[in-house]
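Could you fit the two chains together into a complex? Lean on the hints.
Chains A and B are the protein sequences, given in the same order. Quick note, the first sequence lines up with residues 1 to 224 if you use this note's numbering. Quick note, the second sequence lines up with residues 1 to 377 if you use this note's numbering.
None of these hints come from the bench; they were simulated from the model. Hints may contain errors.
Unchecked claim - One side of the interface only, derived from the structure: several residues of chain A facing chain B at Cβ under 7 Å: (1) 16; (2) 20; (3) 82; (4) 83.
Just so you know, even glycine gets a beta-carbon here, dropped at the ideal spot from N, CA and C.
The primary structure of each chain is shown beneath.
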Amino acid sequence: MIKIHDISKVFNQGQPNEFWAVRGITLDIDVKRVTVLRGPSGSGKTTLLSMIGCLSRPTSGRIFLGERNLSGLPERFLTQIRRETFGFIFQRFNLIQGLTVLDNVMLPAYPLAPDHGALVQQAHALLEQFGMAAKRESKVEWLSGGEAQRTAICRALLNDPQVLIADEPTANLDTRLSQEFMHIIDELKAAGRTIILTSHDPVVSDAACVDRVITLRDGQVQDS
Amino acid sequence: MSHFVRRQRYLIDFTLASLGRRKGKNLGLLGVYTLIVFLLASVMLFSQSLRREAGLLLENAPEVVVQRMVAGRHDLIPADYLERIGKVRGVVAKYGRLWGYFYDPAVQANYTLLVPRDRQIKNGEMIVGHGIARTRGLGAGDYLTFRSAQGQSFAFRVADVLASDAELVSADLLLVNEADFRAFFGITAGMYTDIALEVRNPREVRKVAEKLSVMLPDTRPILREEILRTYDALFQWRQGIVFVLLGGSLLAFVIFAWDKASGLSAEEKREIGILKAIGWETGDVIRMKFWEGALVSLGAFLLGYLAAYGHVFFFDAALFAPVLKGWAVLYPRFHPQPFVDGLQVATLFFFTVFPYTVATVVPIWRAATTDPDAVMR
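Isolated chain B, as found in the complex (with noise of 0.2 Å):
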C-alpha cells in the first residue's frame, strides 16, 4: 500500500474515531443531512423521470401540428387546408385529427375524446384509458353514458381498456369513432381539430413551419420539439414548487450544518492544538478536518440518494407524486422505470458535498496554522 493511501486511512480511522465519540450529535446532523438528500433528490429523480417518459411517448407524435386560429383563438380547420398544403417538401405525411375535451361531473373530471388513425371502433363503441376505467370502474362490456353538446345523451359500450404502460398521457383518454365523435361534439363533416404533418428530417421541420406560415396565415404550426419543451417546463416548474416548499427545511438545515461545520468549540482547538504539538502537521489536520467534513456529507448523499432511488422507483414516489404528476383529475398510475441522469447526480452532489465540506475545512486553516504552543499553557 503506498505511504499516501496508508496515511489517509490513518487520518481516516481518527477522523471515525473523533465522530464516534460525539456519537448522538453527529448521527442526528447525517440523519437531517440524509433526510434533506433524500428529498431532494426524490424530486429531481421523479421529474427527470417524468420528462424522460413524456419524451418518450411523444417519439411518435407528428413533428407539425397545424390549428387554424380565430381571432386568437384555436378553431376547427377546414378540410381544404389540407389541399392549401399542396406538396411541401420534406413533408412525409398530412393529414386532419379529431380531439376535444369533455368534462365529466360524475367524476369531475375532464377526458380526452380521440379518434384514431390506426384502430377501427364500431359505431357506439369506446375504448378508455386506464385512469378513468380505473376511476369509473369500467370494465370491457360495460356501457358509459354522456350528454353531448346538443343535450342529447349517448351510450358507449366499452369494447377496450388501454395498456397501462403509457399511462402518464392515455389515464383520461377515449377513444371513439369519427362518426361518433363529429355527432358527439356537432363537429360537420369536412371540419378537422387540427391538421398533423410528418416530417422525417427533424432539421427541415423549422423550414417547413415558416412555410406553413406564410402559406396559411390565419394557422399557427406547433413543433413536437415545443411540445417536449413545454412538458420540461411544465415539469419543471412543478419541481419548482416543491423545491419552494422544501426551502424553508433547506434554509434550516443549511444555517445548522453550517454553524455545526464552521464553528470550532474550545474542545475542537484544544485538539488541533494536542496534535500539533505532537507532530502533525498543518496539512494533516486539515485533511483530518477535509475527511471529517466529506465522509458526513458523502454517507448523508449516498444514503439519501439510495433512499430516493428506492422511493421513487420501488415504492413510486409515494411522497411526492399527486404534487409532481397531476395529469387533469385522474392520477395517472406510472411506474417510473429507473434513470439517473450523470449531470443531476454530479448537481446535487456539488450542492450538498461540497458546501458542508468546504465550511468544514475553513475555520480549521486558522485554527491548524497558530503556534502549537498554546497547549502548554
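This is chain A alone, in the form it adopts within the complex (with noise of 0.2 Å):
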C-alpha cells in the first residue's frame, strides 16, 4: 500500500510568483491495481506523481512506501528506492538520442553493474516480450511512436519494479496505439504490478483494467 498523508507542494516558496500545484492531499493506493488520476493541464497530476515516484519531495506532509516513510529520506536513498522500486514512462518518453534501443533499455542498470552478458539477455527477453526485438540495434529516433513507446515500457521493467508511473503515456498516441497500450497495462497488472497512470485521456480512465480514477482540481482531490 502506497499510503499519501496531507501532502502539499509549493513552486517558487515565498516568491511574488508562489503556486502551490497540491494543497493537502491523503490518500491510500493499493498495491497490484491500476489507478488512473485525472484531471484537467495544472490540476496537479504530475506534480502528486513525480511525489510518489520519489522525483521530487512534498513540500510538507509524508508519503509511506509500506511501513517506510519515503518524505525525510537524503538523496541517496530516494534514488535507490526509485530505481528498485519504481519504473516510468513519461509523456514523451524520453528517450536518449543517439543511442540504440537496447542500450536505452539497459541504461537504468548501468549504476547497479550487473553482469553485461546477464543484462544483455534481460533487455532481449523484455524487447522480445514487447515485439521489439526486431529494432534493439536501431537508433531511438528513428522509431515510430507506439516503437518509443514499447522501448520505454521496456526501459521502466527492466530493473523489475513493483510500481509502474505513467505520466500521460497515451498523450502522443493515436487511439489504436492508445487501446493496445492499455492492453500492456492490463498484462502488467495481471503479472502482478502496481501502476499508476496520470491522463485526462477517456481511452485510459474508462479501460476495463483500471480499477480507481481519482480526479483532482486545483491541486486537491475532487472525487475517488
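Structural data, given as C-alpha cells:
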C-alpha cells in the first residue's frame, strides 16, 4: 500500500510567483491495481505522481511505501528506492537520442553494474516480450510513436519494479496505439504490478483494467 | 571483475556512446586539443633534449675558467698568471687556452677557432666542424683561405672533419695549432685567451673560485656549473619565445575548450534529468561526465605526446629546430637522443588534462544535484 498523508507541494515559495500545485492530499493507493489520476492541466496530477515516484519531495506531509516513510529520506536513499521500486514511462518517452533501443533499455541498470551478458539477455527478453527484438539495434530517433513507447516500457521494467508510473502515456498516441498500450497495462497488472497513471484521455480512464480513477482539480482531490 | 571496475566500464561505455553521437564536434575538439598538446610537447621535448645534450658535452670541460678583465671587458691573460696561481688546494691541473672567433663574410657566419690540447695539428692544417664542412662544401685535403687580423691571407688545408655526434657545440669549430693561431690573430707568445683549471671535487670548486678572486683581482673565474646554467637559461628563453608565439592559439583553444566543456546544452540537461529519473545517482552522473572530460583530454594528451615524440626524435623537430637550436648562423645538424623527463610529462599532463576535466565536471555538479522531476514537465 502507498499511503499519502496530507501532502502539499509549493513552487517558488516566498516569491511573487509562488504556486501551490498540490494542497493537502491524503490518499491510499492499493498495490497490484491500476490507479488513474485524472484532471485538467494544472490540477497537480504530474506533481503528485512525481512525489509518489520519489522524483521530488513534498513541501509538507508524508508518503509511505508500505511502512517506510519516504518523505524524510536523503537523496541517495530516494534514488535507490526509485531505482528498485519504480519504473517510469514519461509523456514524451524521454529516450536518449542517438543511442540504440537496446542501450536505452539497459540504461537504468548501469549504476548497479550487473554482469554484462546477463543484462543484455534480460534486455533482449523484454524487447522480445514487447515485440521490439527486431529493432534492438535501431537508433531511437528512427522509431514510430508506438515503438518508442514500447521501448520506454521495456526500460521501465528492466529493474523489475513493483510500481510502474506513467505520466500521460497516451498523449502522443492515436486511439489504436492507446488501446494497445492499455492492453499492455492489463498484462502488467495481471503479472502483479502496481500501476499509477495520469491521463485525461478517456481511452485510459475508461479502460476495463483500471480499478480506480482519482479526479484532481486545483491541487486537491475532487473525487476518488 | 570487481563491482567498482564494472560500474566504471558501464559509465565509460555510455560516455563513449554519448561522444559518438556528436562525432564531428568531438573529433574536431580532439583534433585541436591534440594539436595543442603536440606543439607544447614538441617544444618541451626538444628544449629538454638540447639542454641535456649541452650538459653531456660540457661534462669534459674544465671546472673553472679564469679570464682577465680590463676595463670590464675580457682581455688576453699573460702566461705568468699560471705561476701566480701557484698551487691551489683541490686544483689537479691548470693550463692556458687559446681560442677566438672569426667572421667569415663568404657565408656570413661566425667560426670558433681553437687550439686543442689533445690533438697534434701540423702547420698550415686545420680540422673543421661538421657545420662548416657542410656549408663550405669541404672535405679532407681541401683548402680554406681566411684574411687575418693583419690583412694577410692564410690558406689552411683541411686535415679532418669533426665527428657529427657532438655537432651542437662543434658545428662552427675550427681547430688549428698554436703557432698558426698566434700568427693568424696576432697574439704574442706568453699570452692566452684564458686559463682553465681542473678541480676534482665539485664541492671545492666555489672555494677555488673565491681564492682566485682574492689572488688575481683583475680576473673573473667562470664555473662550469654557471655555463650549464647559462645554456639552461638560453634554451629556456628560446622555449619561452616559442611558447609566447603559441600563446595566442593556446588562449583561443582554452576559451573554446572551456566553453565546450563548461556550457551545458539544454539537451544535455534534459539527458541528466532522464538519467536521474531512471535511477542514476548524482554521483553516477558526475562520474560519467568526469569520464567524458578525462577520455577526451587523456586521448588528446596521449596522441599529442606520441606525435610530438615522433616529431622530435624521429623527424628532428623539423617544425621548431630553426628557432630552438639557432647556434651562430650555421645550424647544427643535430639528432636529439630520445629522452623523456618525468616531471615535464607530469607538468604538461597537469596543465592539459586536469583543467579540461575539471571544466567538464564542475557545471555538471549543479545540474546533477537538482531534482529529476524536471523531465516530467
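Evaluation of the provided hints:
Taking 7 Å as the C-beta contact cut-off toward chain B, the hint placing residue 16/A at the interface is violated, the least distance being around 20 Å. Here the hint on residue 20/A is broken, as its CB sits about 16 Å from the closest CB of chain B, past 7 Å. With its C-beta approaching chain B no nearer than about 6 Å, residue 82/A sits inside the 7 Å limit, and its interface hint holds. For residue 83/A, the suggested interface contact is upheld, since its CB lies about 3 Å from the closest CB of chain B, less than 7 Å.
Consistency with the previously given hints fails for numbers 1, 2, ordered from lowest to highest.
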